[in-house]
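Undergrad: Sequence:
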Amino acid sequence: MGQHLPMRSRLALSTAYSLLFSPVSVDELFDRLQSMQVTQVAITDRDNLYGYPVYREAAKERGISLICACLLTEKTGDLFAFVQDQGGYELLCKLISKRNLDPSFSYLPTLKETSEGLVLATASSAILTQLAGTGAKLYGAISPDSLQIITTAKKLTVPLLAVDGAFLLAESQREVHQVLRAIALHTSVGALTEHEYCQKGGILLEQREWEQSFAPWPEAMEHVQRLKPYDPFSSSLIFPTYPVTEKRSAEEELKYRVYQGAENRYGEINDAIMERIEYELGIINEKGFAPYFLVMHDIVLMSSRTCGRGSGAASIVSYSLFITNVDPIAHHLYFERFLSPSRQDPPDIDVDFAWDERDGIFAAVFERFGIDHCARVANHNRFRLRSAIRETARCYGLSDAQITKAEETLFMRGVDALIDPLWQTIVRIASALDRLPKEISMHCGGLVITPKEVTCYAPILRSADGYPLLSWEKDGTEQAGFVKIDLLGNRSLAVIRDTLQNLREEGVSIDERTWQPAEDADTINALACGNSMGVFYIESPAMRQLQKKTGQGDFAHIVIHSSIIRPAANKYINEYVQRLKGKRWEPLHPRLAYILDETYGILCYQEDVSKTAVALAGFSQADADQLRKVIAKKAAGKRLQAFRDQFFAGCHAGGVTTPVAEQIWLMMLSFDGYSFCKPHSASYAMVSFQSAYLRVHHPAHFMAAVLTNQGGYYRPQAYISEARRMGLIIAGPDINISRITYWAEGNTLIIGLMAIAELSRKAMKRIIEERKQGGRFSTLEEVPLRISLDREDLVALVASGAFDSLAPERKRSEQLRLLLTTTRANQSYGQADLFATPLPYCKKEQLPVAVHRSFSEEELHREFSSLGFLRNHHPLVLYAHLLRSVHRIKACEIDQHVERYVTLIGYQITQKQVLTKTGESMSFVSFEDETALYETVLFPILYNRLYPLLAGRWPLLVFGLVKNDEGALIIEVQNLRKLGS
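Its first residue numbered 305, the sequence shown is counted upward by one per residue in my numbering.
Simulated from the structure, these hints should not be mistaken for laboratory data.
Since the model is a prediction, treat every value here as computed from it, not as a measurement.
Quick reminder that beta carbons are idealized off the backbone N, C-alpha and C, glycines included.
There could be a bad hint or two in this list.
Claimed, not checked - Each pair of labels, with its calculated beta carbon distance range:
hint	residue 1	residue 2	range
1	Glu475	Gly381	21 to 31 Å
2	Lys416	Ile1044	54 to 64 Å
3	Arg739	Asp649	20 to 30 Å
Stated by the list, open to error - Pairs of lysine-lysine residues, derived as BS3-like cross-links and limited to a Cα-Cα distance of at most 27 Å, are as follows:
hint	residue 1	residue 2
4	Lys441	Lys459
5	Lys1267	Lys1221
6	Lys402	Lys778
7	Lys887	Lys778
8	Lys1216	Lys709
Take these sequences, add in the hints, and give me the full structure.
TA: Written out as structure tokens, the structure is:
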């Protein structure tokens, strides 16, 4: 009974979150601690708490108590800070934040004044001397590698504390530490000095060795027991209060705004609408979320066009506040996926803004709520094997050319083909780096707003864009209690905005209050045929093929299709198509009939996973939602196994047979990786229908906006080809009619100056400004007299054909010679000759007369280099001399050759590499010729042999078998050959 129990607390360990210093992964460390039966640990990374949320989860899973702690670095040594209460945590957050914002900041002056809530320990005599006698809870830190503080501590009567100071698990990791330091210092391994990396020590000792190291100083080990674990993360959610008038609380203000918005949305508020509003408001107010919804309402009012998405789109409150744009009653959206009495998670509403307006929205939010109360969410960027190999090789002094050559061998033939011992070392170290955190960057849209200053809750950094930046990524942010807001950029919202603006210029106005694109028959028919290139979210080859297979283009089916077309659900898509077309089917279990009827008995949406677990296995709503999350994160460990056991036990208790439970469980697992809830898909489908309507009814204006916003699935060349197939006239680029962006008039799409690769932004602006001031250019000679452009800009403009309308008979080389030899404008830009005859001013651009002369092969090649496409031809015209001898069918004739072998010309548009069940690579490739777009598939054996041909843009001869896959044609490729080879 009186036997001495061995110490099981370990202090001052580091992981790879001591960025570019320690090579120890979190799981490695905690597995080792668990094997040593450690019961309490303090991880002290260097000047940061980046890893704290991850440590918190890892410690919880293994039953280890965690002390929040940090290593604070100073010029005179290092200082360990252990958090003991909330005040200490807030002080530590503020100190780390100040160091992040000012690298010269010293912690010591502040800690001399106050260190309440922190326990401090140092092995530096200078620091110990400064802090002794200040009232700080202070220790002299001794470790197995450093006992030097003992004399100073004894002199100052400061007690000792036993710490590890370990950042390696084994001596073999030192070479990885060495490479990390070389990467951090932008040098080579051989150039590192003894002060720039640790040549010895820093290894985590086994418990017995650790105790033996401190045996002469038992008090140092006893003092470790005085440190207590403290979790500083908030037990309540962190979101801003909302300032309201004395007459109205936040709850009353929210109710007022919701009913006001509902009247705008619905006109008349019937009993069903009122009942849904009151139900949602009851849950929102019970959970105290009214301020959150008011804040979100304020934010969406900052922009004229938004798309609220995610599970929040199931809320009639969100819909009435115009945060979201899909009626949750009309589309039967499941509110409990968003909020429910049993659901512990905070509300999560993602809002998309036009991509080029988002920075302005962030600026407005920071101004509205205060820069000290707002911060962006971080990304923790990690090493990937390929980049780790390159960086490691550079650290060993190899050139990029040497690295590229070795990479080709490595990824084609495997590591054993690299016989050089140096490369064996590089690959070994790079493999150790793979997946370790490397640097902190900014999440594209995550934001938190706090009632007190952000630094009361977390350390912050400064992003490259100057924003306050949280230390944690999405999961850590939520773990800390923050209610995260996602404000994201969406190029298709800008496409819709720009299309409508271009139409207004022509006197065409669409009243968006009454616009119902999802009810437009022509739009529905176009989507049913897969005519959706350029249409938001449903333009990918896979999605267009699915549309052709199903022949369904209505809103309900577009919602299903945008959810079911995820990689892990491939094997269920064909079954879905067949059921949709009339194949008889029975629900997997009678209790699932009411849940899955609308998706033909197949799990389609995220909430289907939760609903199924509740219906069949008796899960609570909270457990069912956790199961969904674990599957989505591909967490195939203990948590998933525990949920699997719970699911099968529940199914058995509920009378569900094991084979049926197995079948349903496998379908549930198809939601690993990314998948969507129905409200999210419905929100995106609404944007899809708006853009599809514009494509159908105003094709030139729509395609111009797609090309302007550069955010589609394809390169500009593909959209130009599609525009021609749609019967549009392509004009420009032209010195007189081109704007910086693409635009349209009637059935003509005018190429913007932005398409010209080497044309400077300054030149674009000068051309537009000169046209505004002086009108159109009448002759080629007039151009250099009116505007001064650099030689490079003139070369770029000539190559693109921008002057062809002014000199239709001149070769482009002659145009350039004239422009360069004519006396240039000698006035400063913007200054006009007071006595010059004013040039006619043309308010509206007049479309140029088409130039009909033939262009030389050299001119067309230069044009293609300049634009990435040809103004008046398909790029295959550049290979006309090679095409003459090819016997082929045209892509527009494929439907006449089903189940026959054909030869086509393939100009590659896009490709997608996928893995088979057995892990082999195969590829789906979209090609086009002068007449049509077509889809192909390369199965693994062929793909492994021919994939180098797909790396370039040279046209290919495509040999293959035409197959009809449920109404969608596809070529099963038998061989590829480079045209002309």
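Undergrad: When the structure is checked against the list of hints, which entries are broken? Sort them ascending.
TA: 7
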